[in-house]
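2 protein chains.
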Amino acid sequence: MNAERRNLLVEYTPLPDDLDERLRAQLTFLIEVDRLKTVLRQSPLAAADRRENDAEHSWHLAMMVTVLAEHADEPIDLGRTIELVLLHDLVEIYAGDTPLYDSAAGVDQQDRECAAADAIFGLLPVDQARHMRSLWDEFEERRTPEARFAKAMDRLQPLLLNWMARGGTWRTPGVLADDVRARKAVIGEASSSLWAAGRRLIDEGERRGWARSAAPEA
Amino acid sequence: MNAERRNLLVEYTPLPDDLDERLRAQLTFLIEVDRLKTVLRQSPLAAADRRENDAEHSWHLAMMVTVLAEHADEPIDLGRTIELVLLHDLVEIYAGDTPLYDSAAGVDQQDRECAAADAIFGLLPVDQARHMRSLWDEFEERRTPEARFAKAMDRLQPLLLNWMARGGTWRTPGVLADDVRARKAVIGEASSSLWAAGRRLIDEGERRGWARSAAPEA
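Chains as they are written, first to last, in my numbering: chain A, 508 to 725; chain B, 508 to 725.
To be clear, the hints were calculated from the coordinates, so they are not data collected in a lab. Check each hint, because a few of them may be wrong.
Identical copies look the same in the list; a pair holds intra-copy or inter-copy alike.
Unchecked claim - Computed cross-link-like contacts, SDA-like style, restricted to lysine to any residue with a CA-CA straight-line distance of at most 20 Å:
hint, residue 1, residue 2
1, 691, 522
2, 691, 530
3, 691, 630
4, 691, 548
5, 691, 523
6, 691, 673
These numbers come from a predicted model, not from an experiment.
In isolation and in its complexed conformation, chain A is listed as follows:
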């Protein structure tokens, strides 16, 4: 997780020496985050036969915030909520994606992601690094209505993709419909109506055999 020992993308084609130092730091960060497009998630796309990457996922969450904000149980600042979802996965550029149903990978997830946050946000000018880090902390801590809604979108979006895929990661070995409900319940902390809809999709998925019930099948 040491930024000094990591090759930055910009080093492959260094920027001209005479660029302003602050702008150079900003462009270095903006080039480095191109890597988010290469971090693969578990979710299958609805529109193509491949897995989704983090940049596509983050864009999709932002669209969901703009369209679904009215379902928030508490008033939310739209712009800040969008900023939260846009940057919430940047740490995965260095820490990788941690699948929702992989308990082992979740053990040191926080340590890995904190180190990654220092490395990626640290490319920015200090004031902007602090600002982005505080937004990422806000997302992770879920103490504001904006962070709770952002997290709800982060859980609802793959649920929609799994529905479209008629199972998707719900079919992960060892995962039951009750596990899905437990991991997705956080949607209800931000929106009772969206959680009702999400639960409806999981229940219907279980009924159709796209997610396994606890009881052994007859």
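Could you slot chain B onto chain A? The hints should help.
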């Protein structure tokens, strides 16, 4: 461009009948826009050996707005500028990407994209369809500081990717460094400092032979 004759993604796995009608329209739209992840652009990624898609591009623009907003020559509303870049390419789901240096494809671009806007935004509840359409019109017309800055990001981002690729689409047959400068000059309508940096990259690219000069080479 007739929405009635087009198969929507959601039709492959219809949503349960008993969802609220407004939420059903919103989810139908949010599932359909998954297609943006399959619209390929000309730009090569910096982080991988493949072309970029529109969803990745839109996410990248939003990150650029948050980091580079301070370079705007006029004050801009950050949240609205981000909304503009998030949705500016949605019409390409049905109209396709029109390469910047393809004059022939540009001829009927506006007609194709207006019809596509009717189709894609028309999936939303009427009030939200109107709102998104007005944001897309704002982006296209470039009459507000926010729209000019959003357009500047739309031109600066592939410029950065072409720099990283040591040419990229600058190497398109028939394209000269002067053509690149002409297409990118719109950056200067939003930010003199970013346009100075962009021009610096194009000039240096021309000097290194990554973009062709007008004069025949000796």
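Results for each hint:
no., hint, in the structure
1, 691 / 522, "between (44 Å within a copy, 18 Å between copies)"
2, 691 / 530, "between (40 Å within a copy, 18 Å between copies)"
3, 691 / 630, "neither (33 Å within a copy, 26 Å between copies)"
4, 691 / 548, "within (17 Å within a copy, 34 Å between copies)"
5, 691 / 523, "between (47 Å within a copy, 18 Å between copies)"
6, 691 / 673, "within (17 Å within a copy, 44 Å between copies)"
When held up to the earlier numbered hints, the structure conflicts with hint 3 and nothing else.
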